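Residue numbers (the numbering used here), protein chains in the order written: chain L, 1 to 481; chain C, 1001 to 1346.
In silico lysine to aspartate or glutamate, DMTMM-like type, Cα no more than 20 Å apart, as pairs: (1) C:Lys1006 / L:Asp443; (2) L:Lys179 / C:Glu1005; (3) C:Lys1155 / L:Glu417; (4) C:Lys1006 / L:Glu174.
One-sided excerpt, in silico: chain C residues whose CB lies under 10 Å from chain L: (5) Arg1009; (6) Phe1010; (7) Leu1013; (8) Met1021; (9) Leu1140; (10) Gln1142; (11) Asn1143; (12) Tyr1144; (13) Phe1149; (14) Asp1150; (15) Tyr1151; (16) Thr1154.
Read the hints as simulated data drawn from the structure, not as lab findings.
Nothing here was measured: the structure is a model prediction, and the numbers come from that model.
Just so you know, even glycine gets a beta-carbon here, dropped at the ideal spot from N, CA and C.
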Amino acid sequence: MSLVSLEYLILIAAGSLVFYHTKGRAQKLCMFVMSMLFVLSFSIGAVVSVILASFISWKAAIWISEAEDKKVRKNRTKLGVILLLAQLVLLKYLPGMSRNPSSVFLKFACPIGISYYTLMLIGYVLDVDWKRIPAEPSFFTLLLTACWFPQMVQGPIGKVQEIIGQMNQDHTFELHSFKYGLQRLLWGIFQKTVIADRIGTAIGSFFLPDRAGLDLVWGLILYSIQLYADFSGGIDIILGTSECFGIRLSENFRQPYFSSTLGEFWRRWHISLGRWMKDYIFFPFSASSFSQKLTRKLRKSGVSRKQAARVSIALGNLLVFVLVGFWHGSGSKYVGWGIYNGIILSASALLEGWFIEVREKLHFHGRLWSLFRILRTYVIVLIGYLFDCTADAGQAWNAFLRLFSHGFHGVGFSVSELLILFFAVLAVLIVDLLHEHGISVRDRISCCSYGKQAVFWTILIQVIAIAGRVSSSGGFLYESF
Amino acid sequence: MKASEKIIRFILLNLIVGIVMTMMLAQPSELKVLLKQAGDGSYDTLVLGESHGETGIDPYLLSDELGGKAYNLCWRCTPVLELKYLLKQADQHHSLKTVILEIDPTYWDDGISGDEGLDVDPFLYLPGSVRAEYFIKELLPQNYNETFFDYSITKTRLQRIPETLKCKFSLAYLKSDESVIPVIHSITGTTEHYEYRGRGFRYGISRSDAQFGEYQFQPEKVRPENLKAFQSIVDYCRRNGIRLVCVQTALSPSRLRRDNFEKVHSYYADLCRKYEVPFYDLNYLKQGILNRTDADYVDLDGHPLGTLAEQQTSVIAQLMKSSSPDSYFCSSRQEVLAGLPAEGDK
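Use the sequences and the hints to build the structure in full.
Structure below.
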């Protein structure tokens, strides 16, 4: 079931009708039925997978909380995490390595959402072990939290403790919340169908082996827009859907292309994955005995405390990004992409002191300097996208070399298509700029009269109807992870 | 204003806007008229397919040669998976005894969902149980804006609004009378090289200088949903005792020299053999049976002039009546190419 399909909209409409006419257990059951119908539309394997993962984490959390001995507790935590990871490897990574098209793996391969809910549940098990949250006694509630349908396709990777409480509440209909949810959903559909899918019709041609120079540059710029509109648009649909039911999921984007550094970019892009990595990989690594020993050794050899800490941060960043790359896939391009980002972030951490000194000496500050930093970050991110747009790390490197050659075969779109894209992207840019300055567009529109609001949103629906017709409209880019 | 009132008003506003935009911008539905004619229960032979069939098979001649009454429900740009719904609708009175399925491979390996606005979505004119099945199986998984809001804004569409509205509100259109088809053709601009002769048949009257690119069929790219649709058609005919015959119409000689038609032939011959359905590839006819040059076509994509369409129809009828149709065909690509007129021969 696609997030932009008619059946998805009917699921929300019919679901919310039943949802707001029920209370307590019946309401939870309604949420569960909607979620199961959604997941079942992909495959029965997807249903089995999420139930199994939820059961493993539920049981593990209860065992962990029952253990009084620290060692027993740790062992149970390890077992829970290993079982969850094993399921992920078995269903996501091994099928990708299978060259047998009739392999039984492929029939159950990569069930929808597995990368997202597995991390969510691993985080839950670890949080129970670290006594941040109590174990959830109800398997049904934990399952509902994991399989809540809007987040199944492409996250966000929520924290169980942020959602589970909302699952147990009674939700009554509030027009304001429902309206906001639908508006956000509509905005997501606009980005996906008018921008992302439109670019998707032509993007492949820019990365053919014979393309170079401006072709590649223009292709990368288009891809950056497509990826943002697709992923962020999808997240808007997801968050908007969930908001319709009074369930708030965590934000996943914060105008990432306005970032001044790569580190900041990754704190604004796929925020939930970054947060997960920070909480469950980076901080534990930084606090680990290995990291502590390394810091002590560096201090003994004369390195300053600040610099020693930066080395630890650099290594942590490298580890995080290799894992982030691997989370996307096991191919060389994903690992290459992870290493690329990890190296830049590590280098930034190590050279931070020197950068600050040089900046002060050369008096680099002000608006022009900020703009330069934003553009610099954008270019770094664009180069990283070469891994996305090619088949493997080797081809990404070749494409990088071709960036410096000549080549231009045209913009790839007709004048009318280009105009539609231009105005659509401009609209997104304006909305993002307003959000960057803390102005909520929905709040501003909400202040207008009912008539004006109705006209505004009707116009948006019609714009999507007319401009959102793209012949090769496919799934979401992040659905495949 | 209560919350429920606001919601209802908003939905109504959008419904009204959608209906008005559809009325103004979506072109009049020729298929609606054709379906009503084809499904009136008086036809026992149906031709189903796309534009090559629409212009290449004369239903009147077919009726004369085979006996009975034939209707040509082929329609340009119809996706393969919509053909089964058209068949069901045309056979609603269970009057069909024969179906000739015109196969155009360019629709099988393409995700074409019909050029929007080329006709109004079939959902809007398929009545009854066929509509319900179409809605559940085809429309629900599509983007919402490709279902109910089936229009776009272009300069041509805007200029055509007065004619479009006049046609849609005419009695002939409301009654789905065949007399409205030439009017629809004049609105959609399909009159230039063709003349509507009735029963869905467009007779080619003059040549076009439209250019077409090379087409190389890739069997591995045939979409599974199109194969399923084909199987549905086969199953439907089998269940209802309808004789099904598959036909590939004769392409222009220059196209045959350029495209990999032997792959098309091989693929569809195997497919039809698998389903035990006769397949007549008119491109493989022996020399002398259907002689033609590029000059016998409206365009080099393969839409024939009326005279060639008549000859082709006659050959199809002969094949269907023959007890040994295999004797009409060549066995190899080389034999086919050897039988073609010399290049540049008009």
